[in-house]
Amino acid sequence: MTQTALLASYEALVQNHQAQFNGRIEQLHRTVNQMVSQLQQQEQPFVMAQAQFLEQLRAQLAIDTRCLLDSIELRDFIAEVNTFPPRQRWNAEPVLEIDADPARWLLTRRDFAVSIRDYVPEVDHHAYDDERTHTTYGYRITITIHDQTDSFSVIVQRVYSPIEQRSYTLRQIVEYDFEPEIGTMLKPLALESNEQAQLSQELSYLLGCAVRLLAITPISVQFRYPIEEAVR
Amino acid sequence: MTIALDLAAYQTLRQQHLDYIEPQLTELHSQIAGQLEALEANEQPLLLAQLATLDRFRAQIERDARCVLATEEFATQMAAWREDCKRWRDGELELDADFSTWRLHALPFPVQILQHELVTDNWAYNDENHYTEYRYEFAVQLGTWQKTVSAAIAHLSPGEPMSYGRMNFRSQQSEIAYCLKSRQRYNEPPALEWEELNWTFEQEGQLKQELSCLLAFVGDLFVVRSEVETFRYPMQRRSD
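As they're listed, the protein sequences go chains A and B. Counting in the working numbering, the first sequence runs from 1 upward without gaps. Counting in the working numbering, the second sequence runs from 1001 upward without gaps.
If you are wondering where the hints come from, they were derived from the structure by calculation, not from laboratory data. Keep in mind that this is a model prediction, so the values were computed, not measured. Using N, Cα and C, we set each Cβ at its ideal position, and we do this for glycine too. Treat each hint with caution, since some may be false.
[As the list claims (entries may be wrong)] Computed from the model, here is a short list of chain B residues facing chain A with C-beta under 10 Å:
#, residue
1, Ala1008
2, Leu1013
3, His1017
4, Gln1024
5, Gln1050
6, Thr1071
7, Glu1073
8, Leu1095
9, Ser1100
10, Thr1101
11, Leu1104
12, Leu1107
13, Val1228
Sequences and hints are given; from them, build the entire structure.
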């Protein structure tokens, strides 16, 4: 064969390959789509049952979140947060330890109202961190402490690419997102500084625990392929 | 006031949900992996056939890439390129549609292609994202002059959904034209690249323009692409 003929037959091979496989890969995409929506249907009864329960829980937490103070959930939550290392403080300020038993908390001796409402999951596919566009998963909540009400957003996870994502630990969420917000809300109460620190810590754990109970996310919607197939 | 709800029942419900769905997700995962493996196996003979055909004329092109100037494939590619340039009003240097008049033919030495290879970069960055870039890279030698050139052929960018897109010929050609540009230092008089030829700067510029087209054509020609390798879910596919 001449070189020209070879080149032509090569081009034909490439074209044929592409035509064949583009179709097959599209097909695989459709199959995965189908399978994921099937799974979503299958988990629907679970989601509905949880939603029903949540309706009541939401109503109760919106009136008084303190009702969690003697629950096992709060104790479990404290234990779980404490499995993550505490924040490193730049000024070597002593780390305030949370009492594992909420019955001994300072909060039980103060009777101001605490409530949480309007939990809304948030997803942003166009988040930008000065370096990269990525997807963030999180939620927004409204909190009332005494006569102060405030809303804020919390980011739980950032997904940069199929091979890179970052999740925040429960401890990071409690210490970086809840504590500063709650600390600000406690200011008008004009408490002593160590009392204020302890109360904002206790409230952060309490509200963090409440949020975890309120979170309901269907699991299958988060499916992506490949998951954590890091090639570095 | 204590909680009036049965939280334990709720936790059980959540656990059941997880226990039900997680094995199914794992199953879905391994199903996809299995299908991809099967597709790869199917694709393998096609890739091998392309490689075998390529092998029969690759050496000739590597010895002197100018031999493709006379082929129909090159002419087709260049016609499409011209249209593309018009569309983008990219009126750089005018190239003669008749390749037999090209300055490349006046070179007293062959246009050699060395070490053509494919590179996958999972950490390419465009000021906004890290993404995966597929590119080729090779050295071109003209007499004693040698330069390494490279161009992206496709990219896979994160997002919702992720997007996979191929670079067209024009984008490859302009990337290579950029590689061929002389790097001139501040305050330094411009120097000729091939002094022994005694050409003018315009003539050298013309040569580089022709060369960028020729090299992009050869660079792309030597790429044997796996289609299966690019599968991601969810994803949006675009060509060009």
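Now for the hints, and whether the structure bears them out:
no. : hint    : verdict
1   : Ala1008 : holds (8 Å)
2   : Leu1013 : holds (6 Å)
3   : His1017 : holds (4 Å)
4   : Gln1024 : holds (6 Å)
5   : Gln1050 : holds (5 Å)
6   : Thr1071 : holds (5 Å)
7   : Glu1073 : holds (5 Å)
8   : Leu1095 : violated (21 Å)
9   : Ser1100 : violated (15 Å)
10  : Thr1101 : violated (20 Å)
11  : Leu1104 : violated (17 Å)
12  : Leu1107 : violated (20 Å)
13  : Val1228 : holds (7 Å)
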